[in-house]
Amino acid sequence: MAGKKIDKKDIAKLLSQWSQELAVYVPSIESGVATMAKWDGKDTSFLDWYRNTVIPTKASFFPSAEEMFRFQKDNKGYHIELPPSNERKQLIFGVRPCDARALAILDMTFKEAYEDPYYLPKRSSAVLVGLGCTNPYDSCFCTSLGISPAQSTDVDLMLTDIGDEFLIEEITDKGKELIAKATEVKKASKEEEASAKEVKEAAYQKVTRKIDTEGIGDRLLACFDDQDYWERIAAKCISCGICTLLCPTCYCFDINDELVRQQGTRFRSWDSCAFSLYTKMPMENPRAEKWRRVRQKVCHKFKFYPMNFGVIACTGCGRCIRLCPVNWDITQTLESVPVKV
Amino acid sequence: MAVTDISQRERFFARGNVYLPHIIVIEKIIEETPGIRTFHFNFKDEKLREGFTFESGQFGEYSVFGIGEAPFCISSSPTRRDHLEFAVQRVGRVTNALHRLSVGAELGFRGPYGNSFPLDFLLGKNLVFVGGGIGLAPLRSLIWNVIDNRDKYKKIDIIYGARSPADLGFKYDLDAWGKDKTVNMVTTVDRGDETWTGRVGLVPKVLEKVAPSAREAVAIVCGPPIMIRFTFPVLEKLGFTPEQMLTTLEKRMKCGIGKCGRCNIGNVYVCRDGPVFTYAQIKNFVSSEY
Chain A
136 MAGKKIDKKD IAKLLSQWSQ ELAVYVPSIE SGVATMAKWD GKDTSFLDWY RNTVIPTKAS
196 FFPSAEEMFR FQKDNKGYHI ELPPSNERKQ LIFGVRPCDA RALAILDMTF KEAYEDPYYL
256 PKRSSAVLVG LGCTNPYDSC FCTSLGISPA QSTDVDLMLT DIGDEFLIEE ITDKGKELIA
316 KATEVKKASK EEEASAKEVK EAAYQKVTRK IDTEGIGDRL LACFDDQDYW ERIAAKCISC
376 GICTLLCPTC YCFDINDELV RQQGTRFRSW DSCAFSLYTK MPMENPRAEK WRRVRQKVCH
436 KFKFYPMNFG VIACTGCGRC IRLCPVNWDI TQTLESVPVK V
Chain B
20 MAVTDISQRE RFFARGNVYL PHIIVIEKII EETPGIRTFH FNFKDEKLRE GFTFESGQFG
80 EYSVFGIGEA PFCISSSPTR RDHLEFAVQR VGRVTNALHR LSVGAELGFR GPYGNSFPLD
140 FLLGKNLVFV GGGIGLAPLR SLIWNVIDNR DKYKKIDIIY GARSPADLGF KYDLDAWGKD
200 KTVNMVTTVD RGDETWTGRV GLVPKVLEKV APSAREAVAI VCGPPIMIRF TFPVLEKLGF
260 TPEQMLTTLE KRMKCGIGKC GRCNIGNVYV CRDGPVFTYA QIKNFVSSEY
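Protein sequence lines, in the order shown, are assigned to chains A and B. For any residue, its number in the numbering used here is found by taking its place in the first sequence, counting from 1, and adding 135. For any residue, its number in the numbering used here is found by taking its place in the second sequence, counting from 1, and adding 19.
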């Protein structure tokens, strides 16, 4: 497969072309927070500052709060209607390989048994344009989860920074179609392809933080009932939930109603196993204590999800380390699991 | 009441957008105890009224529009289909709102969800039902189901208890089963009052005294978690193996379809993999958080 490339200064033109048919999202700063937001039609300065978004790409398909349906009562009773869906298909530019893999992991939950009617249509109609990560954070540990920071097959197109240009790889047919229509795309030379390969290898070497996933599920299970251990691990956690809410593979949600002047809305919103009310029932709460909630979080990602779907629900994006207000560190936790197997 | 043969009916599955509730209408409200009410309901949509099927042990997500959704088992038997029933103890926001409703009110309903009591496994066996408080709700769906197919099962013991005589729910059922010569009905209360002449004692203790045989038997247990935890050891003492004990678990189940995340016990989701489990399965759970 012959490689393609595009000049960095032509990215705006490329995005403009795509914008004609698709709603293009790019890394942006909204209220001081890096997130994927609708492209304004000109600005490509994210190419200079972008490392990764604070809000993971999951939010494009599973927003923090989402209207499920509306209800209204008249003299004939209740009527339910779906919110108008006038949203255009999304193209998300600059997805990092860790976040792209996270979507593949989320697909499993949202597809399993009952298909989720909100996540899946958005997801299957979207185009992901991956952008290799050449400057990972020191909290990143994607390579321990089988992910390469600058390589991905979980996207439709994969871009690699080779200086003044991006090398483009067409991963899916959807991606090929997009490139076929793009007038600014040129053929890449053998040398340019080789230099992209070098960039990828260098990026891989830059991820120095590691975890040992070998038998991690069984090791966690072996100390599952070791309350002392979990209390130590959970000691400094303040149950703020940020490590789960902004985790690209966390999908827990709550469902609530809102009633404003007889017009009702049912919506779902991100929820977190870090909150004590999350599992609270009127008579009892299986995870009232903090250590039980921390245990749930760690074991769900590294034992229960693999039991159900065959993959670890972590991509090593490092957000839970970077964003934790008390410096709780999942890699330290996993390192400290007592060896009892 | 008419007994319907549902064996030929196609099993009902939620299709399309699984989060959209069907509208149901409350047809009757029974005050079981000061805190528990049973609601009789039917679907507003006539086609659904005909086409909806469920099995004993399954649950639904019921919503009071504007307040929210909560899971309750379908407490009526699939063999009796003039209407459906669910029973609610007043404890939280949604249940308080439900208790404020009157006949004719419209609710949302999603379901049926979850697995069900394994009728094939119960076939031809002696059945021991052990219930406490509102825990009789899922059991009575199965009990009526079994009574309506009486020749398919052997002995039936029902041991039911509540804190006080006033807390005994479903008294019309207790009366009916008490009069049924093919059923051994035992009712008990934790504490009696001036007029109570029946048994006094906690359910597990009474179960130990009644001592049903474990031979070709299955025990089906449902009640407050504390009762369930004390009942299993008594059953084991009576010779029941963990495979011969069934229960239905309660968790905060928001979505009902294994996605929202909060009802897991280890890798098991109570809404999707349960709510009916054998004690053998529960003992194998990764976590003891049941």
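Don't read these hints as lab results, they were simulated from the structure. Keep in mind that the hints are not guaranteed to be accurate.
As the list claims (entries may be wrong) - These stretches of chain B come out as covered by chain A in the derived footprint (C-beta under 8 Å, 3 or more residues):
| # | stretch |
| --- | --- |
| 1 | 153-161 |
| 2 | 191-205 |
What the hints assert, rightly or not - Distance condition first, Cα-Cα at most 20 Å in a straight line; then the derived SDA-like pairs of lysine to any residue:
| # | chain 1 | residue 1 | chain 2 | residue 2 |
| --- | --- | --- | --- | --- |
| 3 | A | Lys-211 | B | Arg-68 |
| 4 | A | Lys-208 | B | Arg-119 |
| 5 | A | Lys-246 | B | Asp-292 |
| 6 | A | Lys-211 | B | Lys-66 |
| 7 | B | Lys-47 | B | Phe-140 |
| 8 | A | Lys-208 | B | Lys-256 |
| 9 | A | Lys-415 | B | Ile-175 |
| 10 | B | Lys-63 | A | Lys-246 |
| 11 | A | Lys-211 | B | Glu-46 |
| 12 | A | Lys-425 | B | Val-305 |
| 13 | A | Lys-415 | B | His-41 |
| 14 | A | Lys-425 | B | Ser-306 |
| 15 | B | Lys-224 | B | Ile-175 |
| 16 | A | Lys-208 | B | Gly-217 |
| 17 | A | Lys-208 | A | Leu-394 |
We treat Cβ as the ideally placed atom computed from N, Cα and C, and that holds for glycine.
Hints and how they fare:
no.: 1; hint: 153-161; result: violated (count 0)
no.: 2; hint: 191-205; result: violated (count 0)
no.: 3; hint: A:Lys-211 / B:Arg-68; result: holds (18 Å)
no.: 4; hint: A:Lys-208 / B:Arg-119; result: holds (18 Å)
no.: 5; hint: A:Lys-246 / B:Asp-292; result: holds (16 Å)
no.: 6; hint: A:Lys-211 / B:Lys-66; result: holds (18 Å)
no.: 7; hint: B:Lys-47 / B:Phe-140; result: violated (34 Å)
no.: 8; hint: A:Lys-208 / B:Lys-256; result: violated (56 Å)
no.: 9; hint: A:Lys-415 / B:Ile-175; result: violated (35 Å)
no.: 10; hint: B:Lys-63 / A:Lys-246; result: violated (30 Å)
no.: 11; hint: A:Lys-211 / B:Glu-46; result: holds (16 Å)
no.: 12; hint: A:Lys-425 / B:Val-305; result: holds (19 Å)
no.: 13; hint: A:Lys-415 / B:His-41; result: violated (27 Å)
no.: 14; hint: A:Lys-425 / B:Ser-306; result: holds (16 Å)
no.: 15; hint: B:Lys-224 / B:Ile-175; result: holds (19 Å)
no.: 16; hint: A:Lys-208 / B:Gly-217; result: violated (48 Å)
no.: 17; hint: A:Lys-208 / A:Leu-394; result: holds (11 Å)
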